[in-house]
Amino acid sequence: MKTILAFFTLVIISFSTMAQDIKLKVWPNGAPDSNGMTLPEELFEGKMVRNVSEAQIYVYLPKMGINTGAAVLICPGGGYGIEAMDHEGYQLAEWLAQQGVAGIVLKYRLPYGHDQIPLEDTQRAIRLVRQKAAEWGINPIKIGIAGSSAGGHLASTAGTRFDLGNPESVDPIDKYSCRPDFMLLLYPVITFNEEFGHMGSRTNLIGTGNKWDLVAKYSNELNVTAQTPPTFLVLSDDDSAVPTRNSIEFYMALKKFKIPAEMHIFRDGGHGFGMTKKNLPVDQWPNLFAQWMKAQGITK
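Just so we're aligned: the sequence shown equals residues 0 to 299 in numbering that gives the first Met the number 0.
No wet-lab data here; the hints were simulated from the structure.
Among the hints, a few may not be true.
To be verified - Cut-off 25 Å, straight-line C-alpha distance, at most; resulting in silico cross-link-like pairs (BS3-like, lysine-lysine):
1. Lys293 / Lys276
2. Lys216 / Lys62
3. Lys293 / Lys255
4. Lys216 / Lys276
5. Lys254 / Lys293
6. Lys24 / Lys62
Given the sequences, and given the hints that come with them, work out the whole structure.
Structure below.
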């Protein structure tokens, strides 16, 4: 009887551990620089946040029996002015965990005139996940990144600007690569080109005026290389906020370097659908992404 009781106690503890969200600060000892925000962080309209001055990750681990070893770091959108943490963050992480993929939501610091801040947080978060990979049951070469709208811009920036770690660093986390192994981009902002870019995201990240060096730096269709990871893109033809050309130009840049890529343009869906069900064909995008991960060998 004691053996049976011990067994069920262990099962309950194990289940609770796997079901439990893990919350970690990205910079527990303080970030190397500040975004200048002094107002308290504010939660509004459900689960949207603004005034973010401290980066954190929220980890949703799959149950042990279905764990594929893959993980996705998720960057919610919001034009670099807010972050839509629910339908572009937590809900996606929960769905990924059900597919056997660790879903890790990043609440990144918003820039407030400091363009380097969001990418700094994202790169650090990827390194942190790699450092924790063994502890969390993650394969360190199957860590992807996802992003919606401006979060898609941040994700695609991380996928085009990365390093493989600094083995000489005194900081053990900096020794890990910050290159994502694959990307999921939902109706992403890609370019800061005035012809078809999203000017709200551009203004919030790099400010006003014609700062052409920064425009080029953050126009990610210009920064694709042969090392950019395989990419899955989802968008709708009736998106009135971010022109479809953003995704199309990025897809064409990927194909120039023969990088595996798949793009789905749904007729209807608008902008910002995320995990929201619309009773439209666009609702099928998560299943398509799951199939793509299998085809890529990310999951099995």
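How the hints compare with the structure:
1. Lys293 / Lys276: 23 Å, holds
2. Lys216 / Lys62: 40 Å, violated
3. Lys293 / Lys255: 24 Å, holds
4. Lys216 / Lys276: Distance ~35 Å between Lys216 and Lys276 Cα, so the pair is violated.
5. Lys254 / Lys293: The given pair, whose Cα atoms are some 21 Å apart, holds under the 25 Å limit.
6. Lys24 / Lys62: 23 Å, holds
Hints 2, 4, counting from the list given before, are not met by this structure.
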